[in-house]
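Those protein sequences? They're chains A and B, same order as listed.
So the first sequence is numbered by the numbering used here: it starts at 193 and just counts up by one.
So the second sequence is numbered by the numbering used here: it starts at 193 and just counts up by one.
Rather than coming from a laboratory, the hints here were simulated on the basis of the structure.
Take these hints with a grain of salt, some might be off.
Treat identical chains as interchangeable: a pair holds within one or across any two.
As the list claims (entries may be wrong) - Below, a list of computed lysine to aspartate or glutamate pairs in the EDC-like style, where the Cα atoms sit at most 16 Å apart:
1. K317 <-> D290
2. K252 <-> E285
3. K545 <-> D288
4. K404 <-> D431
5. K404 <-> E432
In this text, all values refer to a predicted model and were calculated from it rather than measured experimentally.
What follows is the residue order along each chain.
2 protein chains.
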Amino acid sequence: MSAPTESTKDQRVTQLQEILDSGVLRPAGRLLNSLAPAEIAHLLESLPPARREILWSLVKPEFEGEILVALSDEVRADLVKDLDAAGWLAVTENLDLDDLTDLVQDMPETVVREVMSAFDDQHRKRLEAMLSYSEDTAGGLMNTDTVTIRPEVTLDVVLRYLRRLGEEIPEETDALFVVNRDDEYLGVLPLWKLVSGNPDDTVAEVMSLALKPLRMDMADSEVARYFETHDISSAPVVDERGNLLGRITVDDVVDVIREEGEHQFMGRAGLSEEEDMFAPVLTSTRRRAVWLGINLLTAFLASWVIGQFQETLAKYVALAVLMPIVASMGGIAGSQTLTLAIRGIALGQLTGKNARDLMLKELAVGALNGIIWAIVVGAIAGLWFDSAPIAGLIAVAITINLLFAAFAGALLPLLLKRLGIDPALAGSVLLTTVTDVVGFLAFLGLASLLLI
Amino acid sequence: MSAPTESTKDQRVTQLQEILDSGVLRPAGRLLNSLAPAEIAHLLESLPPARREILWSLVKPEFEGEILVALSDEVRADLVKDLDAAGWLAVTENLDLDDLTDLVQDMPETVVREVMSAFDDQHRKRLEAMLSYSEDTAGGLMNTDTVTIRPEVTLDVVLRYLRRLGEEIPEETDALFVVNRDDEYLGVLPLWKLVSGNPDDTVAEVMSLALKPLRMDMADSEVARYFETHDISSAPVVDERGNLLGRITVDDVVDVIREEGEHQFMGRAGLSEEEDMFAPVLTSTRRRAVWLGINLLTAFLASWVIGQFQETLAKYVALAVLMPIVASMGGIAGSQTLTLAIRGIALGQLTGKNARDLMLKELAVGALNGIIWAIVVGAIAGLWFDSAPIAGLIAVAITINLLFAAFAGALLPLLLKRLGIDPALAGSVLLTTVTDVVGFLAFLGLASLLLI
Numbered sequence: 193m194s195a196p197t198e199s200t201k202d203q204r205v206t207q208l209q210e211i212l213d214s215g216v217l218r219p220a221g222r223l224l225n226s227l228a229p230a231e232i233a234h235l236l237e238s239l240p241p242a243r244r245e246i247l248w249s250l251v252k253p254e255f256e257g258e259i260l261v262a263l264s265d266e267v268r269a270d271l272v273k274d275l276d277a278a279g280w281l282a283v284t285e286n287l288d289l290d291d292l293t294d295l296v297q298d299m300p301e302t303v304v305r306e307v308m309s310a311f312d313d314q315h316r317k318r319l320e321a322m323l324s325y326s327e328d329t330a331g332g333l334m335n336t337d338t339v340t341i342r343p344e345v346t347l348d349v350v351l352r353y354l355r356r357l358g359e360e361i362p363e364e365t366d367a368l369f370v371v372n373r374d375d376e377y378l379g380v381l382p383l384w385k386l387v388s389g390n391p392d393d394t395v396a397e398v399m400s401l402a403l404k405p406l407r408m409d410m411a412d413s414e415v416a417r418y419f420e421t422h423d424i425s426s427a428p429v430v431d432e433r434g435n436l437l438g439r440i441t442v443d444d445v446v447d448v449i450r451e452e453g454e455h456q457f458m459g460r461a462g463l464s465e466e467e468d469m470f471a472p473v474l475t476s477t478r479r480r481a482v483w484l485g486i487n488l489l490t491a492f493l494a495s496w497v498i499g500q501f502q503e504t505l506a507k508y509v510a511l512a513v514l515m516p517i518v519a520s521m522g523g524i525a526g527s528q529t530l531t532l533a534i535r536g537i538a539l540g541q542l543t544g545k546n547a548r549d550l551m552l553k554e555l556a557v558g559a560l561n562g563i564i565w566a567i568v569v570g571a572i573a574g575l576w577f578d579s580a581p582i583a584g585l586i587a588v589a590i591t592i593n594l595l596f597a598a599f600a601g602a603l604l605p606l607l608l609k610r611l612g613i614d615p616a617l618a619g620s621v622l623l624t625t626v627t628d629v630v631g632f633l634a635f636l637g638l639a640s641l642l643l644i
Numbered sequence: 193m194s195a196p197t198e199s200t201k202d203q204r205v206t207q208l209q210e211i212l213d214s215g216v217l218r219p220a221g222r223l224l225n226s227l228a229p230a231e232i233a234h235l236l237e238s239l240p241p242a243r244r245e246i247l248w249s250l251v252k253p254e255f256e257g258e259i260l261v262a263l264s265d266e267v268r269a270d271l272v273k274d275l276d277a278a279g280w281l282a283v284t285e286n287l288d289l290d291d292l293t294d295l296v297q298d299m300p301e302t303v304v305r306e307v308m309s310a311f312d313d314q315h316r317k318r319l320e321a322m323l324s325y326s327e328d329t330a331g332g333l334m335n336t337d338t339v340t341i342r343p344e345v346t347l348d349v350v351l352r353y354l355r356r357l358g359e360e361i362p363e364e365t366d367a368l369f370v371v372n373r374d375d376e377y378l379g380v381l382p383l384w385k386l387v388s389g390n391p392d393d394t395v396a397e398v399m400s401l402a403l404k405p406l407r408m409d410m411a412d413s414e415v416a417r418y419f420e421t422h423d424i425s426s427a428p429v430v431d432e433r434g435n436l437l438g439r440i441t442v443d444d445v446v447d448v449i450r451e452e453g454e455h456q457f458m459g460r461a462g463l464s465e466e467e468d469m470f471a472p473v474l475t476s477t478r479r480r481a482v483w484l485g486i487n488l489l490t491a492f493l494a495s496w497v498i499g500q501f502q503e504t505l506a507k508y509v510a511l512a513v514l515m516p517i518v519a520s521m522g523g524i525a526g527s528q529t530l531t532l533a534i535r536g537i538a539l540g541q542l543t544g545k546n547a548r549d550l551m552l553k554e555l556a557v558g559a560l561n562g563i564i565w566a567i568v569v570g571a572i573a574g575l576w577f578d579s580a581p582i583a584g585l586i587a588v589a590i591t592i593n594l595l596f597a598a599f600a601g602a603l604l605p606l607l608l609k610r611l612g613i614d615p616a617l618a619g620s621v622l623l624t625t626v627t628d629v630v631g632f633l634a635f636l637g638l639a640s641l642l643l644i
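Let the hints inform the model, and build the full structure from the sequences given.
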């Protein structure tokens, strides 16, 4: 009687996709509702609009809320756009408070009021409090379903208390929080310490003080780093007076880390981490057009620089043939430094303090690679066009551009960060501007001075 | 008596950095050893080599092992390069088995044998078994310190058993695994169910069957996705016969997710996610040179294409001025599609099944943006050079290049994936090749046909 291992899950998803492709929907519904909400969300995200609608219509209403919470913002907004007040009430009926707060942004205000009016006073106050925290802070990540105990009671009393709570104990509770009469946070009692400790010991004797509570206004990226460096699976959240507000569980932190990674990766191409792979064509076109427009400015700037040297180019066409190489080598080298710097900033490992060290190192690397590739490219170009001056020119231009690329790659992200601009989004466009302009200017400018 | 909140940690780190900068080392040591091992690792990674050595020399020997485990591969390799056998034995003395396996790759073989000879038979067999799993599988991620129980005993008996175990219960245990006499995995008993359940119920009545065990050969990225979709903090690992081998805890999964994100982000620039920000200049230069060399081939290919049209260029210098715009617009548009596709593949949301849907959508977006920007760029170029033919030429070339960019951006990553090549690493170079070559060919080729 061994339980089936996890490979069976993927088979169900594949099976489901085949059924959807075949168009016979009855068995799909049954299979679908045997999956976890997050699995269904994952599947919905991977389907083009038409089949996404079909799958969504097969989901049992009682699962809809949890699936919506697990979806990326864009896909969620798409699926709820036709939901009326009654639909919203049904969807939100069984949700935890922290999940509900995630959905509120998509709900019409009248619906929010209606949902709230169904709550008792305490529940409503809690929800209002949670809505007051920004989504990207500890307060926005936390859940309020904590079990609290007093420091002076014995473990035996705690065990009896939990047994009385029975089914009411929140799922996935892994620790109890110790508070005094004023609800001030004092420490944490992990369940493994509770069950392995001496029943006659008091909570105060056994509780752990090592885990510091997080302030409700701590940024979510800092929360994630705290979880990572302390290898914990939940943490208490307190207000500015040290009063316990709730707890953050690691599953929400995992989402933050995933999104941080995607933000950096997608931002580089001007895309949002919430981007729906199958967004409507017009929506996608509009968003991409903005990014293309910004980059077009860069491209025209580079063209304008080239335009200053039309005479030289008309005389030495070889320059036109070779000039993309100078710009491209600079762009590649610069983007390596930029990538390293953006990661360093995101991890909190690159600050004003060690920026000089990174800059010096990157300049040294740029100088060495500049010399190496100046020789290689110079030799090839010289042989190709049978011209020593052109060989010398491109060699010097490449060295100059690789040095500027290292400088800009290390400096730009820190500068942008200080200006409050996201380096992951703007860094790459600006860097290309620098390496294109410097590359063309050095190569064509030197040529105009020396060849003519 | 409220506990200090988490902001105090960052103060300690800042303080430490200031002390290091000032050169007075005694207080630094005390402060340092009050940090968590992962915090020290994080700090070491952010220091340039000289100060990194100093900080490392201040670390208490008993913390060194855990810090090494938390470091990125490159920084770790740097710090242990002078460690002798005695040093290694001291470092590895207090480590858990799963941490030890992470370090074995850096240890000289003689040291590995010496460490193993200090173990008892059971311990050694376990270590050998764990070393036999690849690092990027469930087996490589797991820990073997599980607490197992039988299904037929009552909760009361389990509680008494845990109390007898006392301190021996593994830290951070959040669930007990239920196995039969043959060690086959049957289910899981989370501690919160144990403490809230009726003491007279048997384990079999209370245990959860919803959590499927993971096969030891499951890829780590799949393990991560399983943890994410099921919001769990630990999972059992079994062998092909369903026998329990160990458990994976979420802190190790968090590292996998962080590394996956960094791999995509860094790979785009030809960097490894393990890259040390302060790697030695010569090491960095060598690695970057490889990437620059690969990209140089691309650049020369583009140059060669341009070289085919030297006559045309000599006659119409405007073409040389404008040609980077055509290539750049294609590169930007293509990289957006590529980024979307690489993320889709990494998340398992883009497969052969829906590739056609993505391709059609991206081609439509490419066509629309192609037309929009063809008009804009055509108008500007026409006015700039006062030439209707040039306006028409660049408009057509941009439309062609944006369509090709969408096609290549969607197709390349899937093709690379099928060939077993990492799309995050190779995708961007190949895409640039396509958009450069197509851009220059379309623009200059059409010009040669129509203008001359």
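Here is how each hint holds up against the structure:
{"no.": "1", "hint": "K317 <-> D290", "in the structure": "within (13 Å within a copy, 45 Å between copies)"}
{"no.": "2", "hint": "K252 <-> E285", "in the structure": "within (13 Å within a copy, 54 Å between copies)"}
{"no.": "3", "hint": "K545 <-> D288", "in the structure": "neither (43 Å within a copy, 35 Å between copies)"}
{"no.": "4", "hint": "K404 <-> D431", "in the structure": "within (13 Å within a copy, 38 Å between copies)"}
{"no.": "5", "hint": "K404 <-> E432", "in the structure": "within (14 Å within a copy, 41 Å between copies)"}
Comparing the model with each earlier hint shows a violation of hint 3 alone; every other hint is respected.
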